[in-house]
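2 protein chains.
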Amino acid sequence: MKLAVIGLGLIGGSMALDLRKSKFATKIIGVDASEANATQALRLGLVDEIDTLEGAVSRTDMVIIAIPVNFIPETLSKVLDVVSDQTTVIDVGSAKKQIADSVENHPKRRNYVAAHPMSGTENSGPEAALEGLFEGKITIICDQEKSGPLHLAFAEKMFQSLGMNIAYMTSDEQDHSTAFISHLPHAAAFALANAVLAKENREIIFDLASGGFQSTVRLAKSSPEMWGPIFQQNKGYVLESLDVYIKHLKAFRKSIENDDPQEMYELMRNANRIRGVLEGQNGSLVKNEKTIIKLYTK
Amino acid sequence: MKLAVIGLGLIGGSMALDLRKSKFATKIIGVDASEANATQALRLGLVDEIDTLEGAVSRTDMVIIAIPVNFIPETLSKVLDVVSDQTTVIDVGSAKKQIADSVENHPKRRNYVAAHPMSGTENSGPEAALEGLFEGKITIICDQEKSGPLHLAFAEKMFQSLGMNIAYMTSDEQDHSTAFISHLPHAAAFALANAVLAKENREIIFDLASGGFQSTVRLAKSSPEMWGPIFQQNKGYVLESLDVYIKHLKAFRKSIENDDPQEMYELMRNANRIRGVLEGQNGSLVKNEKTIIKLYTK
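Residue numbers (the working numbering), protein chains in the order written: chain A, 1 to 298; chain B, 299 to 596.
Hints were generated in silico from the structure; no laboratory data involved. Among the hints, a few may not be true.
[Claimed, not checked] Some chain B residues judged to face chain A by a derived CB distance under 10 Å, without partners named:
{"id": "1", "residue": "T419"}
{"id": "2", "residue": "L450"}
{"id": "3", "residue": "G461"}
{"id": "4", "residue": "L495"}
{"id": "5", "residue": "L506"}
{"id": "6", "residue": "L517"}
This one's a predicted model, so the numbers in the text were calculated from it and none came from an experiment. Even glycine gets a Cβ: it sits at the ideal position worked out from N, Cα and C.
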């Protein structure tokens, strides 16, 4: 089957790599607004050829849109205008409600599946593409009832061939959950990097930086071009998550300021529960939720 | 040479493992307030025998104190009271000024070397001990002029045999730097875990938790018994670092609230500089600072 990937960065490039490897796609046509990225993706073998958006999407069975979320509404609408009834269109942006709303009344709305495959790294561009990036991770499919059953099944099969589990929710629920477990940690890392970079004796501080610092601040290396539009599109829930976070930071600060070890210990012990919760990851959802399909390729 | 290790957790246990492996220590005597920990450490082969504090330190060439920082002043003083002139005493707490001040006028102050080996994991206890934990990392030696030259050299040789680089600074400077690059990231992770745990639809959120969340929140698994006293002892600088962090979080929040992508991008681009700074790690210090000895064992 023929696949078009619009946006040949970390996510689009990694999907292309694994969809070729699993033989889900036999031909992959790439589209990228940056000629340098397109050339690089071709050179790295992520795609078989490069074409214009119109040229690519008019002759493929599936279109994956993997560009910064601010460009998705216009591109998605343009793609839906051009594709045949038989072509499934998927976007993989991290914020979903604004995008889904933008094509709510498009005549080809049922060709479209709104998805958020939850995986990534702090790197970007075609050379950041990685095999196996999605294996064992979860993809969220939003507002499934608005997609036609054939298109939904085809999208599920594509994520299955990446080795992903699938969770279903509304685009509003996805934006709320994702604000807390993805957008907030990115904002926290950006601010932590800025706080530490603001110190004067920087050379000494960074030579001292240990593994703990590096893992906490890793996401601060992420691309502003990708993340700025996500924070903007998911503004309401991102602000809510930041407010909750700042409230908890201030509570912890207060327990230190007040020399209140009892309160400090309680806050830390509560935070420690994250260990059990994370180590139980996946198991609970797959077992307890009827809406989850656990699908693996092989 | 004979070594006593007081506190057989992650740090003390890992030091024992590597100091035996490098043949720096030929006999290791363990001391732990918890009988369970002591038994476990013996069973794991971290130490050759267990003894009381007085019994252990009166017959060793070096004493390493690796217990929570709130217990160090009293233990350190007790150890210095007992040891011979030929025994070097080192504590490895993460906050140093209060501890160093507590023995400022002890008759055996020159036997003591205040150190902070900057490495660890989010785990604790004897079973968390790891070989190679310190290899290639930095240890800070504080107020070196207050240690006798023989004791300083012996301590340096011990850290050398762990494969560590050594940085020298006052205990006040170490507490200030360490607040930003170690204590603050821990406080940030505890608060992030609490913020996310506070959400109601927890099961869904955690099943969605991706690698980015897990690395940012990893330190929230750390031991309250170890970290509470660190926050308390380094209260002044920890509060300063939290204030700077909260200020930067609020600035980022404001750029989102005000729909000010220019400002948001600038804050993220500034944070991105952490990549270059971290990737240049070690190089700059070792090259530029006369006070750094880069020492490797072999």
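- Message: Name the hints, by number, that the structure is in violation of.
- Response: 2 and 3
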